[in-house]
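Enquirer: Listed below, chain by chain, are the residues.
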Amino acid sequence: MSISTVSGQPASPGRRIRRFMSDYPLVPLIVLLLLLVLVLQTLSPGIVNPRWLGNTVKFAIPLALLAGCQTMVMLTGGIDLSVGTAATMAGFIVATQSVDNPHGVAMAIALIPALVIGFVNGIGVGVFRVHPLIMTLGTSLIGVGCLQVYQRTVISSGTKYPDFLVWLGTGVTWGFPNALVLFIPVAALLIFIQRRTGFGRLLYALGDNERATRLAGVKYWQVILALYMLCSLLAGVVGLLYVGLIKAASLSLAEPLVLPSVAAAVIGGTSIFGGRGGYTGTIVGALILTVLTTLLTILQMPEGARRILFGAIVLLVTAAYLRIIEDR
Amino acid sequence: MTISPLLDATGVAKNYGAVAALRNAALSVLPGEVHALMGANGAGKSTLVKILTGAIPASAGRIEVRGRAHRVRSPADARRAGLVPVYQEPSLIPDLDILSNLRLTRTPVEPFQEWVRELGVPDLDLRETARDVPLAIQRVLDLARALAVEPDILLLDEMTAALPANLAERVLDVVRRQSRSGRSVIFISHRFVEIAALCDRATVLRDGETVGVVDIEAGVEERIVELMLGAKVEKARRAPSAAEDGGAPSRSTRIAVRNLAVGTKLRDVSFDLKNGEVAGVVALEGQGQDELFAALAGSVRPSAGTIEVDGEAVRFAHPVEAIEAGIAYVPGDRSEALAMKQSVRENIALPFSAAFRNWGPISRRTEGVKVQSAIERLQIDTRAQREVQRLSGGNQQKVTIARWIAADARTILCFDPTRGIDVGTKQEIYRLLRQLAQQGKSILYYTSELEEVGLVCDRAIVIFGGKVVDILPVEIADEPALTRAAYGLPRDAKAGVHAGAQTGAIAP
Amino acid sequence: MSRFLRNNGWVTGLFALLILLFIATKIIQPSYGQGDFTSLVRAVLPYAFAVAAQTVVVIAGGIDLSVAAMMALTSVTAASMMAGASEEYALFVVPFVLAMGLVLGAINGILIVVSRVPDIVVTLATLFILQGAALLVLDAPGGGAAEWLRGLILGTLPIPGLPESITGWIPNALVLLVVALCTVWIPLRRSRLGLSIYAIGSSDLAAFRSGVPVARTKIIAYALAGLFGAMGGLSLTMSTGIGAPIPGPYLLASVAAVVLGGVALGGGRGGLLGPIVAVFVLRLVRTDLTLLAIDPNVTAIVEGSIMVAVVMFGAYITMRSRSS
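Chains as they are written, first to last, in numbering that gives the first Met the number 0: chain L, 0 to 327; chain H, 0 to 507; chain U, 0 to 323.
Careful: at least some of the hints might be erroneous.
[As the list claims (entries may be wrong)] Derived DSBU-like pairs: lysine-lysine, alpha-carbon spacing no greater than 35 Å straight-line:
1) L:K218 - H:K264
2) H:K49 - H:K466
3) L:K218 - H:K369
4) H:K425 - H:K264
5) H:K425 - H:K466
6) L:K218 - H:K466
7) H:K425 - L:K218
8) L:K246 - L:K159
9) H:K273 - L:K159
10) H:K425 - H:K273
11) H:K49 - H:K264
12) H:K369 - H:K425
[As the list claims (entries may be wrong)] Computed footprint of chain U on chain H; a stretch qualifies when at least three of its residues, placed anywhere within it, have a C-beta under 8 Å from a C-beta of chain U:
13) 70-81
14) 93-103
15) 291-298
I should point out that these hints are in silico values taken from the structure, not numbers from a laboratory. Remember, it's a predicted structure, so these values are computed and weren't measured experimentally. All residues carry an ideal CB built from backbone N, CA and C; glycine is no exception.
Given the sequences, and given the hints that come with them, work out the whole structure.
Expert: Here it is, written out as structure tokens:
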């Protein structure tokens, strides 16, 4: 009776490819990943072995988790630049608090600032409607300031890394990095939240069409507040894991992961405008970035070129994405 | 002897993808003429205006000014061609003062000030920021700015709509004099009184086509109404009365609206919406119907008046409060209600997750049952259900209604839900709304297509200028009657319209 | 007069606040004098240019996240070109770097107009790119600056006939700032181009209907932001004598000062004077906190909190004005 405007038309090959890519974004991503591994193997034969694989996964996990925060926020059309600070604070605080406190207590204390950052972000974005980017940039600067003050008060007490975190961060069991013990449940949880809970559904809907969610009875600030707190909490957990991996608490511990976390989510097919994407793509995106970093290191590409590449990727992928949706 | 026209547009068309907003419009304006451009909502008036003034490019057609073909690609081009518009919304830059606005458009200041005085604003301060100038004065300034560059053709879009009577009178006066000096005016208005007093000829558009050019003379209103409606006149006359399936006579009041006002658009509206009825709302564009629906849906707060639901006064601060009171809103613009990149299922189930207590895991089975029954009830074509944006317009609209059927809302506010969808789907939506009413639900139904009133509604509430001007029972709410009422014409001349409509159906 | 106050009330209030802060400074530290003021202005200089860049773009209805990265890139470019070069060579370096800022800014604008990706995403991407480019030019702080260039912002301006006690309060850095901003801003403000920039920020539909070339105007606004960014980069090199590839805290500071300076984040409203005064206010608060012997790190927190509060306040105002 009623004819679907699009499916009724014969689709051109270009259209069909675009349609396929937007329906199954994982396929081209995995192809890209395999290609990169192939290039790596060609450039430096023998590098791809089980040990390399374990290492790649080990370093990809903190990035993938942080990119998980980014994915959730980006689904609503936002971005969270304070994840790096939340993670750094958690990592730094756990390292210094473990000296005097039981490790469990130290970890709990370490997660408090992350929650506070998330709360402030949520209020700023959800209630005052500050652009997420500016809001999170601001809280991240304040967070760094607080950490500097904190550093001066604990400067003499030294640092200690809880054994559990070191085991989690660096350990390998039967060839598998122990971090998978944390990563697999968290990733499963994130995917579950995104696909099978009311909250996850609201994230997509908010990013897609905020007006429509309002008409459907959704209160924006509630969702945003919960989102940013969840996101910061997860970032804090990443900080704990990362300090166990690096074993050197510094004031810029997780900062280098922030821009890659945005890039990983974007490469993984999550739209920076919101409403589309998901965590599975992001995981592959994080793997791609980790392999790409190895590749660039082998090619002796300087840090500057790497950043240029990240920026260009974000811009190109966003523009290309815009073309794909405009075309229909 | 024929006078060559100042502006001659022929075969103008505009397509948006597969949708034709304008098919074959023609407009020919003679020197020294005041020419009315008329048409029902969606006939293509505003599209034609946008093309003539360079706001959008035409897909086809030829535009000649003084016999020379003109390619109008930007508002600046139109200006150079001697065609200067005054838009319905003021187009002064709100944050700049008047003087800067004049500089921006290269308008000479001296003539501008003269025109402003002429138009009845004696003490204008050029240093005033446009934002601080009252809306009515802004429109006058827009007009003065246009007059100051001495355009060959002046295009006035609903010029007098927001003006108080004294200013409107001055404006009409100036327009008249403009034509005496050999310049032409294209005049778009919903007010027959003004057109009769001012215009020489009128071009009537219907469904994107020019259907007639008439000389303005006594009694021409009927002919214009007839042209605007076209063959629909006949159809409306054999429309079945929807009241027949009305159900029990003792219907209780569901929503009582008293003296409701929102901002400046909706001024004073009172009516009851009863359980088990479909009440139609009929109005020309911008008469306050948007504000009425927004207020009932909880999107905006009324500035005065009361809304009672089941006898209890309510003040909605957020749409969720209206939803909890069982009032759901289906906007006319589907892109307002749908999360386009999500699936049919997610869109229908969206309200289920809205409340904090429902943020947890979704029970696929219960949700599936509710969604599926709503999908079946509306016969939504779910072949392409991964993303709602891939559905046809009709199916998208069904999804927005299905959402509220799944959520079991007691009252549905439908704002022009059949705009731009195919005939078959329209019929399904009519049937569905009647069924819902039979089950005791209440529906408020704004439509821009007057024939729908006879097909769906039990009565028609007509709004003009932010006020209810008439409430017509469906038996007499045929298109001519509704059109007259919507233009603010009194009901008693109804017989004349009937006669006109009948001859109209035969004559052309 | 009443209109002046109504239109410039915000800026007037800021001036009053600034004067109060100076008085407070004098009370906290009675010896606060010419030398301290000179160093305040020198500290303000890069912030002021960053704010000028942000102001132009925000008035045009956009936002430029790449401003700090632009300053870093132009600064290291200038520093590495001047390192070991002759004094006269700097005469070539300065216009070159300014032109580079102009072009890079224009590229920002072109990317926004052509790709139709929102300003905030495009400039985020160019933030990465410019930062990377800065690291490619210099991977660690280094380079040099011509002596005469550094001298431009040292000391005070001797004006014949005026006693030292007055000219002592006119640091060269302030003169440079005023001259640099005015040569760009005043002609702009008086031109149709300037009006167009306000127009597209105020309402791009109304601007389009008034015959303003919206895309071109937007590109020019970003180009001007690039130019101011390059001035900021040069001022960094002038005051430190080197170039540092890591961007300073200028992005958030510029947004905060723009909001505090009475420029609406939605665009179309405000001027350059307000944000510049706001920069002085923010810097002076920092000075006072330092003078009160508060831990400099606490100062950073207070400063950050003020900025976030200001931005939240600005967003709140915008939200209010939109809903009314």
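Enquirer: So, for every hint listed, does it hold in this structure?
Expert: Evaluated hints:
1. A distance of roughly 27 Å separates the Cα atoms of L:K218 and H:K264; the hinted pair therefore holds under the 35 Å criterion.
2. Restraint check for H:K49 and H:K466: satisfied, since their Cα atoms lie roughly 29 Å apart, inside the 35 Å limit.
3. Among the hinted pairs, L:K218 with H:K369 is consistent with the structure: their alpha-carbon atoms are about 23 Å apart, no more than 35 Å.
4. The hinted pair formed by H:K425 and H:K264 meets the criterion: a straight-line CA distance of about 29 Å does not exceed 35 Å.
5. Note on H:K425 and H:K466: the hinted pairing holds, with a Cα-Cα distance of about 29 Å set against a maximum of 35 Å.
6. Pair hint L:K218 plus H:K466 holds up; C-alpha atoms about 32 Å apart against a cutoff of 35 Å.
7. Only pairs whose Cα atoms come within 35 Å are accepted, and H:K425 paired with L:K218 is accepted, the gap being roughly 32 Å.
8. Between L:K246 and L:K159 the alpha-carbon distance is near 9 Å, which keeps this suggested pair within the 35 Å criterion.
9. For the proposed pair H:K273 and L:K159, the alpha carbon gap of about 72 Å is over 35 Å, so the pair is violated.
10. With a C-alpha separation of about 24 Å, the suggested pair H:K425 and H:K273 falls inside the 35 Å cut-off, and the hint holds.
11. Distance check on the hinted pair: H:K49 and H:K264 sit about 24 Å apart at the alpha-carbon level, within 35 Å; holds.
12. Of the pairs offered as hints, the one joining H:K369 and H:K425 holds, with about 23 Å between alpha carbons and a cut-off of 35 Å not exceeded.
13. Under the rule that three or more residues need a Cβ within less than 8 Å of chain U, the assignment of the stretch 70-81 of chain H holds, with 4 such residues.
14. Coverage of the stretch 93-103 of chain H by chain U holds in this model, with 7 residues showing a Cβ closer than 8 Å to a Cβ of that chain against a need of three.
15. Residues of the stretch 291-298 of chain H with a Cβ under 8 Å from some Cβ of chain U number 0, which does not satisfy the need for three, so the listed coverage is violated.
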